[in-house]
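Residue numbers (our numbering), protein chains in the order written: chain A, 60 to 288; chain B, 60 to 288.
No lab work stands behind these hints, which were simulated from the structure alone. This one's a predicted model, so the numbers in the text were calculated from it and none came from an experiment. Possibly wrong hints are sitting among the right ones.
Copies of one chain are not kept apart here, so a pair can be met inside one copy or by any two copies together.
When the alpha-carbon atoms are kept at most 25 Å apart in a straight line, the in silico SDA-like pairs for lysine to any residue are as follows [stated by the list, open to error]:
| id | residue 1 | residue 2 |
| --- | --- | --- |
| 1 | Lys258 | Asn227 |
| 2 | Lys258 | Gln284 |
| 3 | Lys264 | Val180 |
| 4 | Lys258 | Leu110 |
There are 2 protein chains.
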Amino acid sequence: MTEAREAGYLPEMLFTTATRDDHPLIIALEEDVLAAGGDVISVSAEIMSKLSGKDNAQAIVGIYRDHPVQLAQIDRTAAPIWLVAQAMRDPGNLGTMLRTGDAVGAGGLILIDDCTDPFGVEAVRASMGAVFTQAIVQCRWEEFLPWLRSGEAQLVGTSLQTEIDYQNCQYTAPCFIMTGNEAQGLPESYTAQCDVLVKMPMYGKADSLNAAIATAIMAYEVRGQMRRE
Amino acid sequence: MTEAREAGYLPEMLFTTATRDDHPLIIALEEDVLAAGGDVISVSAEIMSKLSGKDNAQAIVGIYRDHPVQLAQIDRTAAPIWLVAQAMRDPGNLGTMLRTGDAVGAGGLILIDDCTDPFGVEAVRASMGAVFTQAIVQCRWEEFLPWLRSGEAQLVGTSLQTEIDYQNCQYTAPCFIMTGNEAQGLPESYTAQCDVLVKMPMYGKADSLNAAIATAIMAYEVRGQMRRE
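Excised from the complex, chain A in its bound form (with noise of 0.2 Å):
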């Protein structure tokens, strides 16, 4: 919760137990959720266990509001990389990569078609915080892509259809990373317009990545090319 409030987001209801720890961040979040005009509710270790799933009653849980943004409202340059994720259905994937986009510097994650709820319960644990520190949008294909050319992008996409090793490419920013569903990848429409279609070299029996383990590569081949010019 404590990235939550650093990046400006209050949860409406802030639940406590009368055993909780009195840490100084602790105090000072409920002070801001009451002088936000949101409810500080003390419940019994027993609720706390049940609302928090965890057997902790240091534990607080926070109610907060999901914070979709707008295509529109995103400032592509703020950032040298962007997440993309198509059809992304499991939440655990879509939380990671929440967190790796806040750990390589990405600016957000934009979700295209459909995606798991990426404010659903697990997506926000796997995220580790990046929930609240990256934009997540919500958007379809049709309007992504005229977005997208509207102003400077490099589309990358990940794809077994084709020869181009993923490190034997210039990127450039802003990059969009796209990764497609876990079981089918990026339908061809997709990729027939992405600027890069490149490939992970496969040494084993297997034929794909987990979809977080490769958009992660991925990101931090970007990144580490970026940072060497």
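Fit chain B to the known structure of chain A by using the hints.
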């Protein structure tokens, strides 16, 4: 199960349904299981749904014996990279590490201390078959370190307590990439034994990457460097 069969592993029990796909690979698998003294059992769609956890009557379910190997059985020169996980608790992370290991051409995954079960359902699912292609060793640090030092090896650890950038290092085969527990990272007494201790640049608010993600970025960096030389 195709990966398993190719790697020489057959299920001891194979459950199918009367309506199962009669793909030649499935028929060949059934024949192999029977020839090896195993059982092929036809069940109702309802039982298959319970067994597989999926509403898919085309599914088949195999019960395999787990197949850990001993350190002494490992030929470290058989692969340029080996992954080492210490006290890894999340089965999804462990399975994903196996999948990544297969992709990057690692020889196997060495589990140190109390890791989650690599042969549990969630880890096996996340491994996407790599549980059969990667050697899996379970041992204690006190066994691992003497074995490691009994031959050629570079032990690489990731840590926040170092200034050495992961792209500014010389990696040599066989390279053992060690990743610590999701919450605690590697114990200091372990990092003290590493030949190289590196960190990945973190540009955001968070101070760490998901353990499976960090391992994958490291493994592809090491492999990328090796193939350039």
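Evaluated hints:
no., hint, in the structure
1, Lys258 x Asn227, "both (10 Å within a copy, 24 Å between copies)"
2, Lys258 x Gln284, "both (16 Å within a copy, 17 Å between copies)"
3, Lys264 x Val180, "between (34 Å within a copy, 20 Å between copies)"
4, Lys258 x Leu110, "neither (43 Å within a copy, 36 Å between copies)"
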